[in-house]
Amino acid sequence: MNTTVVAQLQRQFQDYIVSLYQQGFLDSQFSELRKLQDEGSPDFVSEVVSLFFDDCSKLINTMSRSLEQPDNVDFKQLDSGVHQLKGSSSSVGARRVKNVCISFKECCDVQNREGCLRCLQQVDYEYKMLKTKLQDLFNLEQQILQAGGTIPQVDIN
Amino acid sequence: MATKSTGGIEKTKSTEVKKKLNVLIVDDDPSIRRIHEMIIKTIGGISQTAKNGEEAVILHLGGASFDLILMDKEMPERDGVSTTKKLREMKVTSMIVGVTSLAGQEEERKAFMEAGLNHCLEKPLTKDKILPLIRNLLGA
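Quick note, the sequences are listed as chains H and W, same order.
Sequential numbering from 1 applies to the first sequence in the working numbering.
Sequential numbering from 158 applies to the second sequence in the working numbering.
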């Protein structure tokens, strides 16, 4: 094991994950997920976020269809999708996605189609951005493990 | 389809059988089901999952019983309010804890409680939120 390489990777990992919290991509719930991960379930966090991103994609497609016809928007279905996405994003610590959902719900409540379209675009952007960021984070984890190191515990609070 | 994650009765050194907390997780969101499974596992319990209230009712009709049911509110097929009412009509005495993202919506929360919940917790669920309720349950 090259301890210098491991130390550099660990430092890179710490700096990167801290930046994700500071930039608002993640909140304390993500830390809770990391605490739950153990030797028996070493891929728990990546598994959960993968399920979340799959669900995001499906929900966004459904909500997009609800918004297609300007004169026939199903705001009830839209609201249901937003509610689900808000719940799942808060459960994985996807802070920016959750915050967009709050605005999205407000637009649904007043049946503002244009506002809903903007929120839909934003939620699509935010979840894809987070997906890329977390993939980079998991790649760093793999590099640390392959170099013979351990993943550092990062205290965000 | 309902799934079972782990199961069993563990024997202590004195050969006394120690029953593990048996939990049903009812939520239509797969990532949330997985998180709740893991929370229950880390506190030493075993769990089964159901994708909606209808699956939960069918499990009980098949003879399943649980110490604790974690119940989402908004679900397709049968929602949490209807499921909780139905389970109570079926004389299910499990502790039923609603887990919902309805912060600030007091009327809806009240309606969920009145359906027969023992407690209602706000998403996201964490170990710290559920442990006091489980301690009460095991202490009872």
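The set of hints was computed from the structure by calculation and includes no laboratory data.
Heads up, some of the hints might be wrong.
Claimed, not checked - Derived lysine-lysine pairs resembling BS3-like cross-links, with alpha carbons at most 27 Å apart:
#1 Lys131(H) - Lys177(W)
#2 Lys177(W) - Lys35(H)
#3 Lys248(W) - Lys35(H)
#4 Lys35(H) - Lys242(W)
What the hints assert, rightly or not - Computed list of chain W residues with no C-beta within reach of chain H, every gap over 12 Å:
#5 Asp224
#6 Ser251
#7 Met270
#8 Lys280
#9 Asp285
Beta carbons are placed, not taken as given, at the ideal position from N, Cα and C, and that holds for glycine.
Hints, one by one, checked against the model:
1. Lys131(H) - Lys177(W): 37 Å, violated
2. Lys177(W) - Lys35(H): It holds: about 22 Å lies between the C-alpha atoms, which stays within 27 Å.
3. Lys248(W) - Lys35(H): 37 Å, violated
4. Lys35(H) - Lys242(W): 35 Å, violated
5. Asp224: For Asp224(W), whose nearest Cβ neighbour in chain H is about 21 Å away, the distance exceeds 12 Å, so it holds.
6. Ser251: 23 Å, holds
7. Met270: 18 Å, holds
8. Lys280: At roughly 5 Å from the nearest Cβ of chain H, Lys280(W) sits no farther out than 12 Å, so the non-interface label is violated.
9. Asp285: 9 Å, violated
Comparing the model with each numbered hint stated earlier shows that hints 1, 3, 4, 8, 9 do not hold.
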